[in-house]
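Residue numbers (the numbering used here), protein chains in the order written: chain Y, 23 to 144; chain E, 23 to 144; chain P, 23 to 144; chain U, 23 to 144.
Quick caveat, the hints were computed from the structure, so don't treat them as lab data.
Just so you know, not all the hints are guaranteed correct.
Identical chains blur together in the list; that is why a pair holds if it fits in one copy or across any two.
Think about it this way: if two alpha-carbon atoms lie no more than 20 Å apart in a straight line, the pair counts; the simulated DMTMM-like pairs of lysine to aspartate or glutamate are [stated by the list, open to error]:
#, residue 1, residue 2
1, Lys-93, Asp-70
2, Lys-27, Glu-72
3, Lys-93, Glu-43
4, Lys-26, Glu-43
5, Lys-26, Glu-143
6, Lys-39, Glu-143
7, Lys-26, Glu-72
8, Lys-93, Glu-58
9, Lys-26, Asp-70
10, Lys-27, Glu-58
Computed from a prediction, not measured in an experiment: that's the story for all the values here.
Number of protein chains: 4
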Amino acid sequence: MIGKKTWIIPDGFLQPKSLGEQISHEAVCVLNLSNENAVVKLTFYFEDQEPMDQFQAECGSNRTHHIRLDKIADLQGNLVPRGIPYAIKVDCNVPIIVQHSRLDTSQEALALFTTMGYPIEQ
Amino acid sequence: MIGKKTWIIPDGFLQPKSLGEQISHEAVCVLNLSNENAVVKLTFYFEDQEPMDQFQAECGSNRTHHIRLDKIADLQGNLVPRGIPYAIKVDCNVPIIVQHSRLDTSQEALALFTTMGYPIEQ
Amino acid sequence: MIGKKTWIIPDGFLQPKSLGEQISHEAVCVLNLSNENAVVKLTFYFEDQEPMDQFQAECGSNRTHHIRLDKIADLQGNLVPRGIPYAIKVDCNVPIIVQHSRLDTSQEALALFTTMGYPIEQ
Amino acid sequence: MIGKKTWIIPDGFLQPKSLGEQISHEAVCVLNLSNENAVVKLTFYFEDQEPMDQFQAECGSNRTHHIRLDKIADLQGNLVPRGIPYAIKVDCNVPIIVQHSRLDTSQEALALFTTMGYPIEQ
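Produce the entire structure from the sequences given, and follow the hints as far as they go.
Right under this line is the structure:
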């Protein structure tokens with residue numbers, strides 16, 4: 023089984039400002055090499071408020087899903103808040119591999135960063 | 023034996039647009055510290071289509087190869103598609119170390135990101 | 023228990039120059055998934071002077087804290103020096119997950135980088 | 023003992039072009055938490071030529087050293103070549119922690135990337 027069922031990303035932030043053609047965003051990029059459909063649950067942790075834990079996405083077997091955090095909504099239709107720091111926990115029913123990337127277009131030119139998530143041993 | 027035979031990179035994307043002197047691209051950077059020639063197989067996974075698994079590159083003993091994903095073609099001559107998200111699995115006959123980097127020149131100035139691949143234990 | 027109590031970040035630098043709306047800074051981003059309040063101690067190592075080890079921050083249970091290194095002061099009121107290279111050791115009373123990011127706005131447009139900290143096994 | 027004695031960085035490149043106030047460069051950032059002086063040996067691997075293995079730097083106990091790859095010279099006075107891809111192996115007499123970063127100022131604004139090195143288990 024390739025990958026882990028839980029991954030952590032401490033540095034999340036949706037830049038409120040965008041310049042140029044591309045919108046500032048983040049993506050949680052998942053690869054599912056198992057034989058089953060992956061149900062991916064995202065929990066967002068904040069500095070001064072309770073976690074939001076009703077976000078869910080899917081990823082088919084032998085498929086990738088670059089989950090856009092500026093687009094995903096939870097079961098009540100809430101979006102991930104822009105302009106405040108958060109951290110992310112990714113939980114899945116099957117082992118997956120998780121990478122997190124940010125695109126920031128707030129200042130004349132775009133900036134990018136990425137890192138593998140931190141895998142949790144079961 | 024230094025390195026692993028399988029590595030995963032969930033966040034792949036070839037930016038279609040380039041400005042300035044440098045073309046937007048990605049590279050899978052391999053170091054081969056074994057005594058044998060390395061045959062590197064790349065499989066690309068997508069969100070809505072079957073994987074492409076006929077890409078191959080080489081890397082000599084005590085050599086590096088920064089495999090350009092905007093240039094590599096598969097056995098049928100297909101290129102990696104630009105403008106859609108993908109993930110990458112790297113398989114090799116010998117242990118290697120893999121890092122993945124992106125150069126994006128779509129908006130007035132270049133942006134860079136990099137991460138080590140996620141190594142799979144055998 | 024998710025995470026580790028000690029993390030290392032070798033590449034720290036507070037860019038002295040800032041252009042545009044955002045100030046150049048770094049953040050040590052912490053997620054605390056334990057049931058206790060986290061007391062986070064930061065030690066800064068330099069190339070030519072003794073370490074500074076009197077910096078402290080907190081992070082509640084099920085909270086994140088993106089600790090801004092341009093704002094934190096030690097017990098004597100000293101700031102992290104700008105314009106010289108440093109490395110960081112993060113120690114905590116409970117297991118946490120640590121990521122480090124830099125925002126540099128010194129040259130017309132912002133630049134970003136990030137990496138997970140290097141976790142120390144206990 | 024915190025850290026490892028050998029680290030790998032597959033993606034090295036010294037951008038030949040620089041614009042603005044800062045020169046394009048890379049740094050191998052080392053933290054030495056041992057009680058001894060660290061002697062750091064750097065080997066550079068290329069795509070089409072033999073490795074260069076006569077580069078050496080030092081890092082004191084409880085000190086960091088951000089080794090600038092655009093400045094270091096080997097025992098014969100050779101510099102790391104600009105404009106061609108390379109990979110780096112870092113070997114040390116004591117355990118250290120290694121991070122690698124690139125600053126690119128070739129196109130109107132700077133770009134940054136970073137990653138932890140890949141640690142080799144002994």
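**Request:** Just pull the numbers of the violated hints for me, sorted ascending.
**Result:** 2, 4, 6, 7, 8 and 9
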